[in-house]
Amino acid sequence: QQKVQQSPESLSVPEGGMASLNCTSSDRNFQYFWWYRQHSGEGPKALMSIFSDGDKKEGRFTAHLNKASLHVSLHIRDSQPSDSALYFCAATPGTGSNRLTFGKGTKFSLIP
Amino acid sequence: NSKVIQTPRYLVKGQGQKAKMRCIPEKGHPVVFWYQQNKNNEFKFLINFQNQEVLQQIDMTEKRFSAECPSNSPCSLEIQSSEAGDSALYLCASSPGLFAETLYFGSGTRLTVL
Chain E
1 QQKVQQSPES LSVPEGGMAS LNCTSSDRNF QYFWWYRQHS GEGPKALMSI
51 FSDGDKKEGR FTAHLNKASL HVSLHIRDSQ PSDSALYFCA ATPGTGSNRL
101 TFGKGTKFSL IP
Chain B
1 NSKVIQTPRY LVKGQGQKAK MRCIPEKGHP VVFWYQQNKN NEFKFLINFQ
51 NQEVLQQIDM TEKRFSAECP SNSPCSLEIQ SSEAGDSALY LCASSPGLFA
101 ETLYFGSGTR LTVL
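These protein sequences, in sequence, are chains E and B.
Take the first sequence: its position 37, counting from 1, is numbered 37 in this note's numbering, and each next residue is one higher.
Take the second sequence: its position 33, counting from 1, is numbered 33 in this note's numbering, and each next residue is one higher.
Since the hints were derived computationally from the structure, they do not count as laboratory data.
Where is the CB? At the ideal position from N, CA and C, for every residue including glycine.
You may find that some hints are simply not true.
If you anchor each label on the Cβ, the simulated ranges turn out as follows [said to hold, decoys possible]:
hint, chain 1, residue 1, chain 2, residue 2, range
1, B, K39, E, S82, 22 to 28 angstroms
2, E, P8, B, T7, 33 to 39 angstroms
3, B, L114, E, E42, 22 to 28 angstroms
4, B, T7, E, S109, 27 to 33 angstroms
5, E, H71, B, K39, 27 to 33 angstroms
6, E, G94, B, N41, 45 to 51 angstroms
7, E, S20, B, R64, 19 to 25 angstroms
8, B, T7, E, S82, 35 to 41 angstroms
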């Protein structure tokens, strides 16, 4: 079973719109979460990390973590063309080797 | 721009050939990871190092894959005998430590095995 599940697989919004991406872990050892963004032809780049219950905001991006349900979401407001990319949720227990486990990703694009 | 430098960007090999790729981690980052990202964009952890020491590696890595991070030289990942199923994007990442640290990725080496 995939330990980190993401939904939806793909998502399209108009420019300036809002989007919500979801991620759930089935492994209760995973306590530390990241959202990564990967543009075509590039490696993934960390958007933000979230380790505590509640919201964390960075610019147009807000992450929300519920540790009890191991659910983390990413909300993008005022979507821009540069936001079109693959978005990955990643998690780690935070101990040992710091090895990240990634979800399968959400393909996010703007409706022209 | 990524500070993790991976070379080459593209690598084309025939089946059974060796394929070698290199990575220079971000300065001051002692922890290095190799991941494989397949055509479905799924990530597979291969191996990681702290300085020159292997921390974890998967079984696949122990057979045809070899990797090292020598002191004062780029890290490298080598596939001894390439197979078609090895065609993927190989990503190197580095991090400043081992406790809940962000991984910083390079742009990857795209391996195509014909």
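How the hints compare with the structure:
1. K39/B <-> S82/E: 22 to 28 angstroms: holds, 24 angstroms
2. P8/E <-> T7/B: 33 to 39 angstroms: 36 angstroms Cβ-Cβ, so the 33 to 39 angstroms window holds.
3. L114/B <-> E42/E: 22 to 28 angstroms: With a Cβ separation near 25 angstroms, L114/B and E42/E satisfy 22 to 28 angstroms, so the hint holds.
4. T7/B <-> S109/E: 27 to 33 angstroms: holds, 31 angstroms
5. H71/E <-> K39/B: 27 to 33 angstroms: holds, 29 angstroms
6. G94/E <-> N41/B: 45 to 51 angstroms: Violated - the Cβ-Cβ distance for G94/E and N41/B, about 25 angstroms, lies outside 45 to 51 angstroms.
7. S20/E <-> R64/B: 19 to 25 angstroms: violated, 41 angstroms
8. T7/B <-> S82/E: 35 to 41 angstroms: For T7/B and S82/E the Cβ distance comes to about 27 angstroms; the hint is violated.
Figure legend: structure checked against the earlier numbered hints; hints not met, in rising order: 6, 7 and 8.
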